[in-house]
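Taken in order, these protein sequences are the chains called A and B.
At position 287 of the first sequence (counting the first as 1) the number is 287 in the working numbering, and the numbers step up by one without a gap.
Quick note: to get the working numbering, add 1000 to the position in the second sequence (first position is 1).
Keep in mind the hints are simulated off the structure, nothing from the lab.
Any given hint might turn out to be false.
Each computed PhoX-like pair below joins lysine-lysine, with the alpha-carbon atoms no more than 25 Å apart [what the hints assert, rightly or not]: (1) Lys252(A) <-> Lys1023(B); (2) Lys187(A) <-> Lys411(A); (3) Lys1207(B) <-> Lys315(A).
Each chain, written out:
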Amino acid sequence: MKSIRSYLVIAVLSAITLTSFVAALYGYRTSVAAAQTLFDAQLSDTASLIAALLAAQPPEATPEADRGLTPSAGQAAFQIWTADQRLILYSADAPTTAIAPFEPGFHDRNFNDQRWRVLVRHAQASDHWILVAQRADTRYLLADSIVMESVLAVVVSLPVAALFIWIIVGHGLRLLARLASELRHKKAADLSPLDLDDPPEELAVIVAAVNALLNRLARSFARERRLTADAAHELRTPIAALKIHLHNLAGKLPPGDATLAQLQAEATRLEHLIAQILLLYRMEPEHYRATMEVLDLTEIARQTVANRYAEFESKEQDVHFEGHSQPILGDRFAVATLVENLVANASRYTPTGGRIAVSTSATAERVILEISDSGPGMAESERERVFDRFYRIGGDRNPASGSGLGLSIVKLIADLHHATIRFGPSAFGTGLSVRVEFPLSEEPAAAAPNGSA
Amino acid sequence: MRLLLVEDDTSLAAGLSLALRNKGFAVNHVARGDHALLAVETDPPDLIILDLGLPDMDGLDVLRQLRNTNRTIPVLILTARDTISEKVAGLDLGADDYLAKPFDINELDARLRAMSRRLGSATGSILTAGDLSLNLATRELTKGDQPVDLSRREYALLRALMENRGKVLTRESLEGKLYAWGEEVASNALEVHIHHLRRKLGADVIKTVRGIGYSLRLP
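The task is simple: from the sequences and hints, build the whole structure.
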């Protein structure tokens, strides 16, 4: 995978290296030029010195006698010729032939298997030709060492530079990492804008674009949900009319008419579905304004069971209720809705003559509502999906199925109360047990006044 | 009992008028707010059922104008708007009850009768169940033809059970009928009063729903 960090480190290092070597090359060339000037001046000085010496004391000796006159490391040489081109004095490493033509000025010549820089000068005073030479490589050696030192410094510092660049780039990119982490940890349903405090210019553009997208998504989702809720709302009056006409029709038909009973059951189902759609919409965190207070979960659960008692009786279901006063911090309407949905599910999926148990209890940290039934239970694979909207246990063809929204509503309410929902096998052998665990109320002393059983 | 139904949905109004007539109400129907106010002015009914979504004006404004002219006629709001804040707004403006659509006709009937009982009208002041007859004005109970003496708390309990015939009342709600807020409740007080009622009325009149509460078992 491409990494901005690696790319930046490699690119910056390459740029530094390249510019360093260009600088070194330029430095080498100027060093060589400077060395040339310097050494040429030196040659010129040497020639002047020899000329001065010749003028003061003209040599008479033969060349042989003067060998060894000039000890040298083999890097400099000279010859002194008379005007009639007789060699009268030369250094140890100079050949006996002229090392350069007798033309005043600088010459580049080869002798002794080396390249030399030669200065030819005609000493006017003594009428001698002075030829002084210096090995060319000495001058390059100097330039080389100057350049090598600067290049070496760059080469040695490159790993250190790499480390620094790596750290600096990482630091510069840390907001990008933060942005990524914020996006990664965003829940699927969370369309709230990203909040990155003081983002740099480059990231601000991305954050703004992402936020604009989130905003558009949130608005279109909201519109869609609003439409569903509005449609459900608009259906309430027609359904009320439908129900009242069915009621009036019932008075004209013989009691127990099967078609009428079916019609009434369908009207009830329609009514339930529409109520659940509206409830789901209203229970969404952005719509529901919860009033949190200390409630007795047991009292609410008992009231809910009492409200539905006729339903249990009509299915000859044996309902067992158990629990002492259990204070929780909650919204009364929401908690009642949660219990109502779970109890309705238990009754719906439990066959005629089955058993249902509702209980409340508490541990050191949690208040637990448990609703068990002797119905068919729920497959492990379904437990993940039951909170999905319009998901029905056993599929759409299950005649017992409800709106498919009940558990979605339960989940919203549980989340509102920081409660967790667990499914397990029921104590009846077959069937499902749903446990809703509420956090303990922070003010247990303010519990409901009567600790009734 | 003369009832004014203010509802703009023709089909619902027709069905509801018929159902309420079958329940013994004399129903007069209007579909607009101004017509409703005019009807109240010319021929005041005993009860009003008011829809909030009217074509010419908001039902809540109808209610406000009605209350401004010092009308004490009981009003039941019957509407598709059912959020708690909307209910509170309606009740704050002087509605006596609130029922959301779609509703159960028997529930509506029970609410209307409870409202008329509060009026103290002759038809609404007697609750009956089986051979029991409870006069809410005099607090007298007769079983068959025989008068039965009730204590204040027995009366409160029996009245709650008779008003919610066929429903199960939880311990908490029944205890709420017996005692004022903050009053200490002996843990077996409810059982004691139920026991007394059973001795006076017959053991199977009040059914115990184990772990939950009690229910009146009479047709």
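* Starting from Lys187(A), check that the Cα of Lys411(A) is at most 25 Å away, please. => Status holds; Cα separation ~15 Å.
* Quickly compare the C-alpha distance for Lys252(A) and Lys1023(B) to 25 Å and report which way the hint goes. => At roughly 14 Å apart (the allowed maximum being 25 Å), Lys1023(B) and Lys252(A) satisfy the hint.
* Is the straight-line distance between the alpha-carbon of Lys1207(B) and that of Lys315(A) 25 Å or less? -> Holds. Lys1207(B) to Lys315(A) sits at ~18 Å (cutoff 25 Å).
The earlier numbered hints are all upheld by this structure, with none contradicted.
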